[in-house]
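*Asks:* Residue strings, one per chain:
There are 2 protein chains.
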Amino acid sequence: MSENKPGKVTLEKLVSLCQRRGFIFPSSDIYGGLSGCWDYGPVGVELKRNIKETWWRNNVRERDDIVGLETSILMNSKVWETSGHIKSFSDPLVDCKSCHQRWKADDLTENKCPACGGELTEERMFNTMFKTFVGPVEEEAAVVYLRPETAQGMFVNFANILNTSRKRLPFGIAQQGKSFRNEITTGNFIFRSREFEQMEIEFFVKQGTDEKWFEYWVNERLNWYIKLGVKKDHLRLEQHPKEKLAHYARACTDVAYQFPHGWAELEGIANRTDYDLKVHSAASGKSMEYFEDETKEHFIPYIIEPSAGVDRAMLAIMCDAYDEEPDKDEIRVVFHFHPDIAPIKVAILPLSRKENLATFAKDVYTTLRPCFTTQYDDSQSIGRRYRRQDELGTPYCVTLDFQSLEDNMVTIRERDSMNQIRVPIATLKSILLAKLAGEDFLVLPEGGKKVEKEEK
Amino acid sequence: MSENKPGKVTLEKLVSLCQRRGFIFPSSDIYGGLSGCWDYGPVGVELKRNIKETWWRNNVRERDDIVGLETSILMNSKVWETSGHIKSFSDPLVDCKSCHQRWKADDLTENKCPACGGELTEERMFNTMFKTFVGPVEEEAAVVYLRPETAQGMFVNFANILNTSRKRLPFGIAQQGKSFRNEITTGNFIFRSREFEQMEIEFFVKQGTDEKWFEYWVNERLNWYIKLGVKKDHLRLEQHPKEKLAHYARACTDVAYQFPHGWAELEGIANRTDYDLKVHSAASGKSMEYFEDETKEHFIPYIIEPSAGVDRAMLAIMCDAYDEEPDKDEIRVVFHFHPDIAPIKVAILPLSRKENLATFAKDVYTTLRPCFTTQYDDSQSIGRRYRRQDELGTPYCVTLDFQSLEDNMVTIRERDSMNQIRVPIATLKSILLAKLAGEDFLVLPEGGKKVEKEEK
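Sequences listed follow chains A and H, in order. The letter at position 93 of the first sequence is residue 93 when you use the working numbering, and the numbering goes up by one with no holes. Position in the second sequence counted from 1, then plus 1000, gives you the working numbering.
By construction, these hints were calculated from the structure, which means they are not laboratory data. All figures in this text were calculated on a predicted structure; none of them were measured in a lab. Don't take every hint at face value.
[Unchecked claim] Only part of the chain A face toward chain H is listed, based on derived beta-carbon distances under 10 Å:
1) K48
2) R102
3) V156
4) F158
Every residue gets a Cβ at the ideal spot worked out from N, C-alpha and C, and that includes glycine.
Working from the sequences, and respecting the hints, build out all of it.
*Replies:* Printed below as a string of structure tokens:
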């Protein structure tokens, strides 16, 4: 970006800001990284946890009809035989006969090597599941895979959950957890990684009600992103054409997001029919039938699956929260995170490190910290500290000056508007709680006043 | 257990209760499981999340001197070369020359096959890290390992975090996440698994202050378990004798717990000296020195490491929470979970499904659910529902009867004492909030009264 002109978000800018402020680092950074793997730093881990926690609260704890589950990453290989992953979860690859480089066939536009123009071999299928070996000997019997999706863990637990939770249709199972795919090409920051985290729901319904529930979940999931601050006009629904659906799927719609590298899938909602439960029931010999009390019918439920990626959600949220704003002679870079997911909610900034002010500021800090994630920062000029908190996406800064020691008032500075109000310290906690909960304070609290300028 | 005599907790009883109530299932259950892997069901996942959340809150969000981190499970193999895991993270194995069974040498008391008495081969070292391959070809260059500990992810990020968080010594990095060990023998339920979850802190200090901080963390961690409801006399500190320490460690103390299968490590606190940062700095060529402003000294910090297992913590908590109590002619089985970690905080139990009572009960449910995890249960007799909630470890049941429709009073039934009080519905939420926060209600709220008997 040019020094003094605000520009658009790019992946390069995000990567750089994320590394500089402790959101995201390359995995094994000191050893040159590991392609397709990322580490979430002190600020990033809080953002990621907040996104996951919000999804869990919205979908599990606030609903009657969904229960949680956490299945293991290593599973019995019969799961992947039955699901079809061992046979068909593959990418076609070709080698160059001259330079011996390997390419993903789907990525090639011409039938020659993009590097040297050489002749290519026939396509060879390459399974993108990571393979490992359980037990002391590397033999075929002991091969297990790192799961490429969390979904199968929910399908194979359907009967266990039906029996123990006593839920009745329609109901769902929700899971968050890591999945692994040995992608040939990774890239676009955390968009496509080899190790990534999913948040998936398998929602079980009676055939005939599946289309209605499919529509319900498409809308529900689209709105979830909007509520978290993703811009409406950066989102669109992409319906998969019938001829491109997986053989078992009756419908599939993506919630797509306009990433800096183009429109791409943020979440997929699929109508998986009764395929998954049927094949697992047949392969395991265990019944996956549901008995409907009202009709005395036995049947295998249909499944509607909203499948989201935590890392992609985080990337989309960061892209839309990112902003460069002209601010006098400078550019202000700011993350406009929704307060619910902002890594730090409030920063306490004493104007000086002098002992009496520091003691006072620490007191305020200690009072607020049990209520929300609070950071204490007394280094450098107040202007630089505001800029730092803007880049961390902290919604509110509380500034304490020597006047505060006399009048017991502090300044609240709002990240988005940069407006400042001066409020009595006794009201600070309740004002911040209300503001973070999304309540406006158009009317100043008793004794409060607006402050005109931001100090530098 | 005998039908009418309360007994002690055993792993068998826990396994059975956990499966029956949806705490823990064997992984890939319908396919006969996968040894050393477990799934956490709807209730278990809430218990596990609450334990992790409490640890994170206590160690990261409520402290100034620890920041969070989440590193990837797959890391550059140089990490494990440098740490010594590739060379030395191994178990000695022997084979039987007659029946060809394989044994862990450390488990054998005599030098013959425990199965057939046959002669054994020489010991052979077996690395317990899971190996897999990144990229399209299975060749040596692309070998990566599933991390056997989360610790190394924090060591290799030391400089990244120092630079971005601007923390000064002493400070720590905290991480939660899955680790994997290809154990020869797994067992004792979730005590020793191949896939397990850790919560680890690496606390960086200046040499000379390391012994003081080591003592601090031993006490801190011991008390954490006690605060979560683990019984003091089931915990003890086990100091590793000097001659048994890892070559780099200066001290190591286990917080051991008296599991049903015997005393065993719940958490280990180690003084790892400056070994880890030194070797990674040497191998990567990246400086891991810290500059102390006051003394103008450059040095590599010492590390104190409190390393806990989430699954072991959960097992210990379940063991101590489990109780069988005589109750007239029956045995009451109950989990006395600390309210902070109980999977469900409150159950709403209408005495009948009749519409007017159901509407009323659902209203109460809707009011309480945003405040704490609440379950609605209207099936079977009230006595059976109390027993079910006891087995889930729900601290409070709220019972609504037809009288409630007239006097706007409901009954709160306490899990541990089975005492019941009848309170005005307007006070219900604040009473439950206070009770769950650990405040006693020796004085009944205005209009409240004690109820003598538990209804069946």
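*Asks:* Each hint should be assessed against the structure and marked as holding or not.
*Replies:* The hints, checked one at a time:
1. For K48 (chain A), the shortest C-beta to C-beta distance to chain H is roughly 7 Å, which falls under 10 Å, so the interface hint holds.
2. Hint status for R102 (chain A) relative to chain H: holds, with the closest Cβ pair at about 6 Å, below 10 Å.
3. For V156 (chain A), the interface hint holds, the least distance from its beta-carbon to any beta-carbon of chain H being 5 Å, beneath 10 Å.
4. With its C-beta approaching chain H no nearer than about 9 Å, F158 (chain A) sits inside the 10 Å limit, and its interface hint holds.
In the structure shown, no violation is registered for any of the earlier numbered hints.
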